[in-house]
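Colleague: Residue numbers (the working numbering), protein chains in the order written: chain A, 1 to 298; chain B, 1 to 298.
If you're looking for bench data, these hints aren't it; they were derived computationally from the structure.
Owing to the predicted nature of the structure, the values given are computational and were not obtained by experimental measurement.
Backbone N, C-alpha and C fix where the C-beta goes; we use that ideal spot for every residue, glycine too.
Check the hints yourself; a few may be wrong.
[To be verified] Partial list, derived from the structure: chain A residues whose beta carbon lies under 10 Å from chain B: (1) 168; (2) 175; (3) 181.
2 protein chains.
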Amino acid sequence: MLNFEKKQREYLSMIENSLHFYLPQQGQGQELLFQAMAYSLENGGKRIRPILTLAFCEACGEDPHAALPFACAVEMIHTYSLIHDDLPCMDDDAMRRGKPSCHIQFGEANALLAGDALLTLAFETMLDLEPAMPVAPQRVVQAASVLAHAAGGSGMIGGQVIDLASEGKQIPLDRLKVMDALKTGALIDAAAQMGCVVAGASEQVCGAASLYASCIGLAFQIVDDILDVTGSSELLGKPIGSDAEKEKSTYVSLLGLDASRRLVTELTAKARETLVASFGERAAFLLELTERLATREK
Amino acid sequence: MLNFEKKQREYLSMIENSLHFYLPQQGQGQELLFQAMAYSLENGGKRIRPILTLAFCEACGEDPHAALPFACAVEMIHTYSLIHDDLPCMDDDAMRRGKPSCHIQFGEANALLAGDALLTLAFETMLDLEPAMPVAPQRVVQAASVLAHAAGGSGMIGGQVIDLASEGKQIPLDRLKVMDALKTGALIDAAAQMGCVVAGASEQVCGAASLYASCIGLAFQIVDDILDVTGSSELLGKPIGSDAEKEKSTYVSLLGLDASRRLVTELTAKARETLVASFGERAAFLLELTERLATREK
Numbered sequence: 001m002l003n004f005e006k007k008q009r010e011y012l013s014m015i016e017n018s019l020h021f022y023l024p025q026q027g028q029g030q031e032l033l034f035q036a037m038a039y040s041l042e043n044g045g046k047r048i049r050p051i052l053t054l055a056f057c058e059a060c061g062e063d064p065h066a067a068l069p070f071a072c073a074v075e076m077i078h079t080y081s082l083i084h085d086d087l088p089c090m091d092d093d094a095m096r097r098g099k100p101s102c103h104i105q106f107g108e109a110n111a112l113l114a115g116d117a118l119l120t121l122a123f124e125t126m127l128d129l130e131p132a133m134p135v136a137p138q139r140v141v142q143a144a145s146v147l148a149h150a151a152g153g154s155g156m157i158g159g160q161v162i163d164l165a166s167e168g169k170q171i172p173l174d175r176l177k178v179m180d181a182l183k184t185g186a187l188i189d190a191a192a193q194m195g196c197v198v199a200g201a202s203e204q205v206c207g208a209a210s211l212y213a214s215c216i217g218l219a220f221q222i223v224d225d226i227l228d229v230t231g232s233s234e235l236l237g238k239p240i241g242s243d244a245e246k247e248k249s250t251y252v253s254l255l256g257l258d259a260s261r262r263l264v265t266e267l268t269a270k271a272r273e274t275l276v277a278s279f280g281e282r283a284a285f286l287l288e289l290t291e292r293l294a295t296r297e298k
Numbered sequence: 001m002l003n004f005e006k007k008q009r010e011y012l013s014m015i016e017n018s019l020h021f022y023l024p025q026q027g028q029g030q031e032l033l034f035q036a037m038a039y040s041l042e043n044g045g046k047r048i049r050p051i052l053t054l055a056f057c058e059a060c061g062e063d064p065h066a067a068l069p070f071a072c073a074v075e076m077i078h079t080y081s082l083i084h085d086d087l088p089c090m091d092d093d094a095m096r097r098g099k100p101s102c103h104i105q106f107g108e109a110n111a112l113l114a115g116d117a118l119l120t121l122a123f124e125t126m127l128d129l130e131p132a133m134p135v136a137p138q139r140v141v142q143a144a145s146v147l148a149h150a151a152g153g154s155g156m157i158g159g160q161v162i163d164l165a166s167e168g169k170q171i172p173l174d175r176l177k178v179m180d181a182l183k184t185g186a187l188i189d190a191a192a193q194m195g196c197v198v199a200g201a202s203e204q205v206c207g208a209a210s211l212y213a214s215c216i217g218l219a220f221q222i223v224d225d226i227l228d229v230t231g232s233s234e235l236l237g238k239p240i241g242s243d244a245e246k247e248k249s250t251y252v253s254l255l256g257l258d259a260s261r262r263l264v265t266e267l268t269a270k271a272r273e274t275l276v277a278s279f280g281e282r283a284a285f286l287l288e289l290t291e292r293l294a295t296r297e298k
């Protein structure tokens, strides 16, 4: 019988401890950089991506500790992308997760460099040999390669550029899907796949993890759009979002609320089927996680 | 008998062709990003770092083609660091190598993301399996790890942060040395070491490459400082640099011109000795390169 909360706490504790461990401490004059990196990396968040990496590794029958460097690497890359996204030349956001953004706290130049350093730290972390829990070099290369491609110009960064070019414009559904698949989907995909690669899973199993990730990645984005509308509608008399937000194409603005909800249900069902077919009983935690992501209320 | 120019042209041609080959072409709407990446990466430069990678690989008796992904990766990281350095929140430089900087040409947001994408592309490139010229996964991990650590917060980025914090201040010689060792030395060290790692060289040989690199990295920086003074002094009646430049500590301002020149001679001699002791006749190209770097006039 699965105790979801206990397992989730176990994963979270592994992740938080390791993130702290991997952060550089001893500097030669660049301590402010290390503080800025820690400030953003240790600022909570749901840690969905690293949890997926650990859970897929365990669903493949491997000790999830082996996947920790890769789980932490995907969170480092997610965090760096938020730091750079918040910069004045990008979204110019002064707040992130209830605290001043990295550039408000440490200045623009240090935030830029802290982002660069977290992206680089992701690779330092994956490529360091771990004597305590060794992963075969072939698997290290494959997993790190999956993350590099997902994070790069043909993945996450590509999605950010498409997003920039679409600002304040109505875009069609297929372009919105491509943008989200790159901007948020690629990293979720890499998180799931890396767990399998570290465990030495077959190409077929890695493919199943990737299919699962593409379903929940899209569902996650649609739920976000639904919550933006249903959440805001409760704030009676308050204008819904800024002008730019109002003009932005979303799944709800393009499909309507009902069709958006149906699509989430379909994607979640497909994600669950994929899990059961490839991982059987070992998918218990991931099945519950999938359900909770689809029915979340914030 | 070494034909230095011919060998240099051969290396340069390998590097330029491979850089072009590794750049992403086919986008899904992010073509502007790819243009910005190509604009900065294919904008000349002396390619000293990738040449070191290929030359050390060949000095170890291995076909330098095997080291091409690593040579190109170090140049991608060097280029991304220049793009981010030129941004308004950093040095705010409008020109780079005689052309408008990346952010002048493509806008700040696209330049930021082009830098991020080039840093990521370095790892995509190293971690892709090359069926034509396979490098053992163990060596791939080791070489990519060397570059990641050299480029990160404890390497190049750390040096940039120390540089930022020292702006407009006089700093002592030991701090200037630490800053340069991180900011420019670390990447030169990684370039040399990676060539040896790809060739499967012993730890001792990798250590010799690293010692060589630390000598020429420092010598290179001192020559830069000397040329800044002797070059500028020819511009009679023109103020030497900006106020900030004038106040900046350099090897020349701290040691004087004569002692700086002696130090370059000493470092170059040590670099040459290290080459001869570890690589013998195979060091011919590197010996000549070392001499030319020390006596260059621009």
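Colleague: When the hints from earlier in the document are held up against this structure, which numbers fail?
Modeller: As far as the earlier hints go, only 1 is violated by this structure.
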